[in-house]
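Residue numbers for the sequence shown follow this note's numbering, beginning at 219 and rising by one.
Warning: the hint list may mix true and false statements.
Said to hold, decoys possible - With a straight-line Cα cutoff of 35 Å, these simulated DSBU-like cross-link-like pairs (lysine-lysine) come out: (1) 344 x 366; (2) 302 x 271; (3) 342 x 302; (4) 342 x 366.
No lab work stands behind these hints, which were simulated from the structure alone.
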Amino acid sequence: MADPPRCNFDPPCSSLPGHEIRQNPAGWGLENAHFKNWMSKQFTPLVPNFQKKWGVIDRTLQPGDEITAYVESSWDALSFGGTKSLILSTANWQGGRNRMLGTGLVVCGALYVAWGMYILSRDKSKHRQIGGMQYFQFHEKGPAMIAKLQAGEAAG
């Protein structure tokens, strides 16, 4: 590999509202964009297992390419029974894996198939002739109107 992969945020952290890189006048504080992304408000405290995107490899990797990751553990996850992992994965149009979308589509498809089978079975069990006059209701004139129409059909 001539050009090693680089890792960039998409969009860059400095372009997100509230994530501007600022110099702290006192000379202390966190100015790491990756840490700001990690601490950003999301639903992660609500679920026991979660992943956060650290960055994006902005070029296509070929089979056999080697990626070297340098990891520095700055906080202990074992103290509360947690674990840390480095996961390299492909991202979809939503930015990561999304089982909810696939599950929702399968459930909707199953409901449509079940509804179609119900309509088909109902049609086969209660079949009605198209335009059958015995199924129309003409309120007060009902029986007389049906007899008149049937007499007209017999004559015609």
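Hints, verified against the model:
no. : hint      : in the structure
1   : 344 x 366 : holds, 26 Å
2   : 302 x 271 : holds, 13 Å
3   : 342 x 302 : violated, 58 Å
4   : 342 x 366 : holds, 30 Å
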